[in-house]
Structure formats: C-alpha cells, structure tokens
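Enquirer: In case you want the letters, here they are:
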Amino acid sequence: MNRHKIRETFLSGLFKNNPTFVLVLGTCPTIAMTTSLANAFAMGLATTFVLIFSNLFVSLLRNVIPDKVRIPCYIVIISTFVIIVQMVMRKFLPELYSTMQAFIALIVVNCIILARAESFASCNGPVLSVVDGVSMGLGFTGALCLIGIVREFFAAGSFAGFAIPGFPAMSGVGASAFGFIAFGCLMALFNFVMQKLNERKEKLKAASLPLSDGSVGALEETK
Amino acid sequence: MTASLISVMFAAVISQNIVLSQYQGICPFLGVSKKMSSAAGMGFAVIFVLAISSVFCWLVYNYILLPLELDYLYTMAFILVIASLVQLLEMVLKRFSPTLYSALGVYLPLITTNCAILGTANSAVVYNSYNFLYTFGVSIATGVGFLLAICLLAGIRLKTDNASEIPKCFKGFPITLVTAAIMAMAFAGFSGILG
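Residue numbers (our numbering), protein chains in the order written: chain A, 20 to 242; chain B, 360 to 554.
By construction, these hints were calculated from the structure, which means they are not laboratory data. Source: prediction; values computed, not measured. From the three backbone atoms N, C-alpha and C, an ideal C-beta is built for every residue, glycine too. Treat the hints with care, as some may be off.
[Said to hold, decoys possible] For lysine-lysine, the following DSSO-like pairs were computed, each having C-alpha atoms within a straight-line distance of at most 27 Å:
{"no.": "1", "chain 1": "A", "residue 1": "Lys87", "chain 2": "B", "residue 2": "Lys453"}
{"no.": "2", "chain 1": "A", "residue 1": "Lys222", "chain 2": "B", "residue 2": "Lys527"}
{"no.": "3", "chain 1": "B", "residue 1": "Lys527", "chain 2": "A", "residue 2": "Lys220"}
[As the list claims (entries may be wrong)] Selected chain A positions facing chain B (Cβ under 10 Å, derived; list incomplete):
{"no.": "4", "residue": "Ile50"}
{"no.": "5", "residue": "Ile94"}
{"no.": "6", "residue": "Gln105"}
{"no.": "7", "residue": "Ala121"}
{"no.": "8", "residue": "Asn129"}
{"no.": "9", "residue": "Ala207"}
[Unchecked claim] Okay, the calculated bits of chain B under chain A, using three or more residues with CB under 8 Å as the criterion:
{"no.": "10", "stretch": "384 to 396"}
{"no.": "11", "stretch": "439 to 453"}
{"no.": "12", "stretch": "476 to 486"}
{"no.": "13", "stretch": "526 to 533"}
{"no.": "14", "stretch": "541 to 551"}
Sequences and hints are given; from them, build the entire structure.
Expert: Right under this line is the structure:
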C-alpha cells in the first residue's frame, strides 16, 4: 500500500474519472437535485456517505460473497446505508427530507455506487476502497454544487440562499428543461478545459522530448 | 374513476413524462439512444419490467410490509423484488421465447439499475398509495412515456451525432443533453390538457 497509489486513486475521482462529467453516471440526481446549492450539497453528501460505506463493506466482504449472487449482495449492502440516511434525515432535517425524499430513496440505484462496488471495491483492499469512495463522492458533490450554483444564480438570482443585489430572478429558468441545458453546457465547459490542458501538456512534452532523451515519452507510455 | 385514471395515465406519458419532467431513467435515456433499434428494445424492455415489477411491489408492500409494520424497509424490499424479477424474467424468456430474449435480453440486466423502475414503484405504491388497478395503469403509461422519449431522442441523434457544425467540446453527451432540454420544453407544453 504505497502512498503514490492512494494519491493517484484520490485524484482520479476528482478530475480524470469524474463520475458526473467524464463517466456520466448517476445523471438522474445530477439534474433533479441541483435546483439550488443547498439541495445539491445535501444530495452529494448523502451519496458520498453511502458510497464510502458500501465500498468499505464490499471490500471487506469481497472474499466471502459468492461470485454468482454478488449483485444482490451489493444491493443489500447499499440499501442498508440508504435506509440509514433516510432515517437520519427524517429525524434531523425533516423539511429538507420532504423535498428530497424521492431521490434519497433512488440512491440505491445510483449507477456510481454499484459501478464502484463492482469495478473497484470488489478487487481492492478496504483502505484503497474508502479512498476511492471519498474521491468519487467528492467529485460527484463538487460537480453537483457547480451545477447548483449556476442554476440557482439564474433561476433565483441568489447564491446559497442569499440574494445577489442587481440580479433579478428569471421566471421560466427554474423549469425542468433548464436542468438539462445547465448540465450539458457545464459538461461542454469541462471538456473544453480538459482539452486545453491536454493540448498544453502535449506541447510541453513535444518541447522537452528532444532534451530529455525520451524519458518523458517513456513515462507517458507507462500511464 | 376511469376518467381520472385516463388523465393520470395521459399525464404519465406526456406532461409528467418520467424522463423529461421527473428526471428518472436518464442514464439509459442518454446511453442507449445511439441507434433506433436499441432504443426501441430498451423501451419495450422497460415497459415489460415496469408493469410486472410494480404489480409485485404493490403486493409485497400491501400484504407483507404493511401488516408486519416493516414499511420503512420498502426501498430494500422493492429493489430486491425488481432485481430477482429481472433475473427470473431473463431465465424464463431464454427458455420459452428465444426471439423475445434475443430482442430484449441484452437490456434486461441494465434495467435493475434504471431508476425509472424503482422510482415508479416508490411513487405509485408508497407516496401516492394508488390501488392495484391504478398502479398497473400508471406503470404501463410510464413505460410508454419512456419508450416515446427514448425513440424520439434516438431519431434526433441520428442527425446530431454526424453533424459537423457542432463544436468539439459539445460532441457526444453535452449536445444530447441540450437536445433533451428542448424536448423537455416541448413535452411540458402539453401540461394542462386532460386535467
């Protein structure tokens, strides 16, 4: 368990394999629960909690669960933590829970969680799996908050519930269609930034390649 | 009674469309809409599974969970019902109807994680506590709404995926999401018709 691998796993979920913008998983809560920053943040945290604990338990039980019935086993583990989230939210955040009820229950079928259980936690140790859960969860929460900020700014003219002077609310932007547009445009922006960064990296590589007699090229190849 | 059932079903197909206004089942809506044939296969598989699974969920909720006061476990119970039903359906189709299996078979495992299935079962059985007939009617209508949306999107994507005017960073998912937004506006225009 070296530190390098943990760092790589952690960074991969945030940018290179961002669950929302790159893998495009779990799109339903991404569009439905991002009408405001508060909703987006709560949804992201609830998903992150379930993701971390399901990754941890799947990883701990990976040698016990028979291969043929692994999907139902994962679903039971995931839904246990979803029920815990439901109970805690109903007790302590009743008004937030009543607006989010439908999509909190649907965390069970959020593809991010099952995909990480199947492709990462079932073949990695518990420490690395928890790191992966934290990273994927934060990548998801960050993307949701970004969309939430944009949508709240246009629909209500506010930031995190505080009105911004000089920006009136736009009627109609709160409607369902704007969720798709905001998500699509932000994903295009993310692609654009990633493309520019890659182009710059390529340029740097091309410039440094003749000087460092191929060592940079070799490093790139091993990735 | 029948009039309101029809208006609820109409709303489930058009104005309260599961994908475009309830935001459920977006993953297969975006992922399986590249070709018309696969979009139609996915759509019919969803109608099939949705109708059967919500009936079973209704029975489980009203005859097992409520009498035993275990209704807080509905999420776990429903997803297990859906997952085992999909598995069973796959085996039955493979054995008795190879033609239907070859048409729908690939999409069946994907359906377990389609939130439209669990979302419809949750909202019809638990949140709205519909009776048996309503649950069945609404879930069929929801499935038809999904089929309609995914086939329309597949038709549009035949054009947009090959268009050369689209900027590079908008290619693929982003332009599909913008297309879906315009479709959502069109579908929302039907709200108010038939109650």
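Enquirer: Would you settle whether the hint for Gln105 (chain A) is holds or violated, based on the nearest Cβ-Cβ distance to chain B being less than 10 Å?
Expert: Hint on Gln105 (chain A): holds, closest Cβ of chain B at ~7 Å, below 10 Å.
Enquirer: Taking the closest Cβ pair, is Ala207 (chain A) under 10 Å from chain B?
Expert: At about 4 Å, which falls below the 10 Å cut-off, the nearest Cβ of chain B leaves the hint on Ala207 (chain A) intact, so it holds.
Enquirer: The stretch 541 to 551 of chain B covered by chain A? Criterion: 3 or more residues, Cβ-Cβ distance below 8 Å.
Expert: holds (count 4)
Enquirer: Taking a Cβ-to-Cβ distance below 8 Å as contact, does the stretch 526 to 533 of chain B have at least three residues touching chain A?
Expert: Three-residue rule met by the stretch 526 to 533 of chain B, so holds; n is 6.
Enquirer: So if I understand the rule, the pair passes when the alpha-carbon distance is 27 Å or less; does Lys527 (chain B) with Lys220 (chain A) pass?
Expert: Answer holds: Lys527 (chain B) to Lys220 (chain A) is near 19 Å, not above 27 Å.
Enquirer: Are there at least three residues in the stretch 439 to 453 of chain B whose beta carbon sits under 8 Å from a beta carbon of chain A?
Expert: holds (count 3)
Enquirer: Taking only the CA atoms, is the gap from Lys87 (chain A) to Lys453 (chain B) under or equal to 27 Å?
Expert: 18 Å, holds
Enquirer: At a threshold of 10 Å, is the proposed contact between Ile50 (chain A) and chain B supported by beta-carbon distances?
Expert: Constraint on Ile50 (chain A) satisfied, holds at 5 Å.
Enquirer: Is the hint on Ala121 (chain A) kept, meaning its closest Cβ partner in chain B is under 10 Å away?
Expert: 7 Å, holds
Enquirer: Please verify that hint: Asn129 (chain A), Cβ, nearest Cβ of chain B, below 10 Å or not.
Expert: Because about 8 Å separates Asn129 (chain A) from the closest Cβ in chain B, which is inside the 10 Å limit, the hint holds.
Enquirer: Within the stretch 384 to 396 of chain B, is the number of residues with a Cβ closer than 8 Å to a Cβ of chain A three or more?
Expert: holds (count 5)
Enquirer: Can Ile94 (chain A) be said to touch chain B, with a Cβ gap under 10 Å?
Expert: 5 Å, holds
Of the numbered hints stated above, none is contradicted by the structure.
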